[in-house]
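Chemist: As a plain string of letters, each chain reads:
There are 2 protein chains.
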Amino acid sequence: MIDLSNEFAVGIDIGGTNTKYGLVNHRGEIMEKGELRTDAHPQIESFIDALYEALEPIIKRHEADGKVKGIGIGAPNGNFYTGTIDYAPNLLWRGIIPLAKLVTEKFNLPAALTNDANAAAVGEMNYGAARGMRDFIMITLGTGVGSGIVANGQLIYGHDGFAGELGHTIIRPGGRKHWSTDLDGSLEAYCSATGIVLTAKELLEQSKEDSTLRKLNPDDITSKEIYECAVNGDKIAQEVYRFTGQILGEALANFVMFSSPEAIVLFGGVIKAGDLIMEPTREHMEKNLLPIFQDKVKLVFSELKEADAAILGASALVWDIRE
Amino acid sequence: MIDLSNEFAVGIDIGGTNTKYGLVNHRGEIMEKGELRTDAHPQIESFIDALYEALEPIIKRHEADGKVKGIGIGAPNGNFYTGTIDYAPNLLWRGIIPLAKLVTEKFNLPAALTNDANAAAVGEMNYGAARGMRDFIMITLGTGVGSGIVANGQLIYGHDGFAGELGHTIIRPGGRKHWSTDLDGSLEAYCSATGIVLTAKELLEQSKEDSTLRKLNPDDITSKEIYECAVNGDKIAQEVYRFTGQILGEALANFVMFSSPEAIVLFGGVIKAGDLIMEPTREHMEKNLLPIFQDKVKLVFSELKEADAAILGASALVWDIRE
Chain A
557 MIDLSNEFAV GIDIGGTNTK YGLVNHRGEI MEKGELRTDA HPQIESFIDA
607 LYEALEPIIK RHEADGKVKG IGIGAPNGNF YTGTIDYAPN LLWRGIIPLA
657 KLVTEKFNLP AALTNDANAA AVGEMNYGAA RGMRDFIMIT LGTGVGSGIV
707 ANGQLIYGHD GFAGELGHTI IRPGGRKHWS TDLDGSLEAY CSATGIVLTA
757 KELLEQSKED STLRKLNPDD ITSKEIYECA VNGDKIAQEV YRFTGQILGE
807 ALANFVMFSS PEAIVLFGGV IKAGDLIMEP TREHMEKNLL PIFQDKVKLV
857 FSELKEADAA ILGASALVWD IRE
Chain E
557 MIDLSNEFAV GIDIGGTNTK YGLVNHRGEI MEKGELRTDA HPQIESFIDA
607 LYEALEPIIK RHEADGKVKG IGIGAPNGNF YTGTIDYAPN LLWRGIIPLA
657 KLVTEKFNLP AALTNDANAA AVGEMNYGAA RGMRDFIMIT LGTGVGSGIV
707 ANGQLIYGHD GFAGELGHTI IRPGGRKHWS TDLDGSLEAY CSATGIVLTA
757 KELLEQSKED STLRKLNPDD ITSKEIYECA VNGDKIAQEV YRFTGQILGE
807 ALANFVMFSS PEAIVLFGGV IKAGDLIMEP TREHMEKNLL PIFQDKVKLV
857 FSELKEADAA ILGASALVWD IRE
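Which chain is which? The protein sequence lines are A and E, in order. Taking the working numbering, the leading residue of the first sequence gets 557, the next gets one more, and so forth. Taking the working numbering, the leading residue of the second sequence gets 557, the next gets one more, and so forth.
Take these hints with a grain of salt, some might be off.
Same chains, same label: a pair holds when it works inside one copy or across any pair of copies.
Stated by the list, open to error - Each computed DMTMM-like pair below joins lysine to aspartate or glutamate, with the alpha-carbon atoms no more than 20 Å apart:
1. 589 <-> 716
2. 780 <-> 876
3. 854 <-> 716
4. 843 <-> 740
5. 852 <-> 642
6. 733 <-> 595
7. 852 <-> 716
8. 733 <-> 758
9. 757 <-> 591
The set of hints was computed from the structure by calculation and includes no laboratory data.
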C-alpha cells in the first residue's frame, strides 16, 4: 500500500460574501487557513487570481511535508459532474461559470466542485459524525436549508448533479410562500433562520399572549433573539421552536422513508436551540414513520467545528478524485 | 469474456393471494411460467415444498440449454440484506421468515430477495423503460403505492434494507387517515386504487353535481367504474383523476428534489387512466420544482407486460448476485 498520510488537500468554501480556504491533511487537520471577500471580485478571473495569490504561499510553505493532491470546492449551485457553478442567485458571477476548469488551469491541480451542503456531507463522512456510515442524510439549517444525501456509501448527485435539494421539498402544500423561490410551503420557508423569524412574526400577530419579543421593532427580530427569549421562558418564542421542530420532524420522516438512513446529521445555527427544537423534531419524525422505521434513525449533531466545517467538507472531495 | 447468454434466472413474485414464477433468460424472455396459491400454505415449509415441486420440472426441462444462476424473489416487506420477509401484513406467515435461506437450502441455488416495488425497478432497469439509466424512480400505483429508487446505478436499500417506501411519505399533513397505517395524508391514501375510490365518495358527498356514479351503491364503486365514467365525460369522475394527479405530481416534485432522477417510471392499474391522470400529474410536478429541475424529468410508463413484470423484476435480481 502507498502511504497517503503525507498528502494534502486544499478546501475552498465559496459564499456570497466570503470565501474560506485551507490546507488539510488526511486526518482532517487544517494546517493553515484564511479567507477573502467573494464580493470584491465581480469578475471570476480576478477572483481566481486572488485565490491563487492567497493559496500559493501556503502550498509552498508545506511543500516539504507532502504533496497537494487536489482542490475541493463547495459553492452554491456547484455541479459535481460539470464542475460549473450554474446561475447562483447569491453570487455576482452570472450564468454558468466553469470554476473547476479555471482553478485547475491556474493551480495545475485537479479540482472537484459540489454545492456547500454536499461538501458538508462529505466532510462529516470523512472526519465527523458520519465516519464509517454508508447511509445518512446531512441537513444544514442556517440562513437557508441545504442537504446532502449519502446512500450505499456514495453521495447522491442525481442524473444532472443537482440532487439533494431537500430544503425546497414541499412540506405544507399551499403553505407559506418562499421569499425567493416562490414555492408554497417548502421546508426552507419554515425551518431556516429566515423562516423562524417569519413564524415568530406570525405568532405575535395571531396571539394576544405577552412576549418579550413585542418590545422589539418587528423588523429587528432575529433568530438569535427568539432563541434567547425561548431560553428565558417566553411562551411565544418557545412555540416558534415547537412549531419549527414539528415541521422539520415531518419532513425528516419523509426523507427517512425515501432512503432509510442510519442517521440524520444536523448542522447550522438553527440547531443551537438544542432540545427546544430537537424534542418536537424527534417526536414528529417518529409519529410520521411506518413502524419498521421507528426508533431506528439517529438524530445527531455535526461533529465538525462550525468555523472549519466548510473547508473540511470541500477538502474531503479531493480524496475521491481519480487521477 | 465468459459467455453468459445461456444462463437462466428463476423469478418468483409472492403476493398475498397468488405466487407467480418463471424461468427467464438474459434477454428477459420468460421460457416457462406458472402460478400457485400463496394462501393455500399457512406454513412456510409447505409453501417452499410446493414451489420446489412446481419449479424443479421446469428447471430440469431447460437443463440442456444452460445453467440456472439463482433465484430472485419479490415479496411484500422482503429485505434484501437479511433475505427475510419481516412482518408482512398481507401474508399468512407471521413474524420474520428467513425466505432466501429456506429457498437456497431447498433448491441448492443462491437466492436474492427484495420487496415487489424494488424488484419492479430492477426489472425496468434490466429489460424495460429504464434500460441504461443510472438514476430513476419506479412508482407502482395499484391497490397500494410502492416504489424503488435507483441512484448511481444501484438500488437504494438504505441502512436496514427497507428504503424506498414513498407511498407512505406524507403529502397532505393532517390529511386523509390511511386505512391500515393510520398515518395522516400519505401518498398511498390518495393515489392508490383504494384512495381513488375514497376521493370519489368524498366528492360525491361534497358536491351536488350530477354523476353517473350516483347510480351505484357507494360501496360498489371501484376505480374501474370511476375510470369508465371519466372517459365518458362524467365531471365528478374527471375531477377525481385531476385531484389524484395533483397529489401525485406534488409528491413526484419532492422525489425529484431528493434524487434528481433522469426519469420516473410509472406502473400499475391506476395509470391506465392515461392523460386523465398524467396531465395534472405533470402540471403539478413541474409547478412545484425549482427551475433547475423543470422540464428535465421524463415521466414514462413501464415497458414490461403487466402480467410478466413481477417475474421479470424478481429474476433480474439474480444477475447481480455475486458468487
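Chemist: Between residue 733 and residue 758, at a C-alpha cutoff of 20 Å, which is it: within one copy, between copies, both, or neither?
Modeler: within (13 Å within a copy, 29 Å between copies)
Chemist: Are the CA atoms of residue 852 and residue 716 at most 20 Å apart within a copy, between copies, both, or neither?
Modeler: between (31 Å within a copy, 9 Å between copies)
Chemist: How do residue 843 and residue 740 come out at 20 Å by Cα distance, when the copy is not named: within, between, both, or neither?
Modeler: between (24 Å within a copy, 10 Å between copies)
Chemist: Measure nothing new, just compare the shortest in-copy and cross-copy C-alpha distances for residue 589 and residue 716 to 20 Å and report within, between, both or neither.
Modeler: neither (32 Å within a copy, 39 Å between copies)
Chemist: Within, between, both or neither: how does the pair residue 854, residue 716 come out at a Cα-Cα threshold of 20 Å?
Modeler: between (30 Å within a copy, 13 Å between copies)
Chemist: I want to check one pair: residue 757 and residue 591. Are their C-alpha atoms no more than 20 Å apart within a copy, between two copies, both, or neither?
Modeler: neither (35 Å within a copy, 62 Å between copies)
Chemist: Give the relationship of residue 733 and residue 595 under a CA distance limit of 20 Å: within one copy only, between copies only, both, or neither.
Modeler: Answer is neither: 28 Å inside a copy and 50 Å across each miss the 20 Å cutoff.
Chemist: From the Cα coordinates, with 20 Å as the cut-off, is the pair residue 780 and residue 876 best called within, between, both, or neither?
Modeler: Neither, since 38 Å and 52 Å both go past 20 Å.
Chemist: Since the copies are identical, ignore which copy is meant and state whether residue 852 and residue 642 lie within 20 Å (CA to CA) inside a copy, between copies, both or neither.
Modeler: The answer is between: 15 Å across copies meets 20 Å, while 37 Å in one copy does not.
Hint compliance for this structure: hints 1, 2, 6, 9 are not met, and every other hint is.
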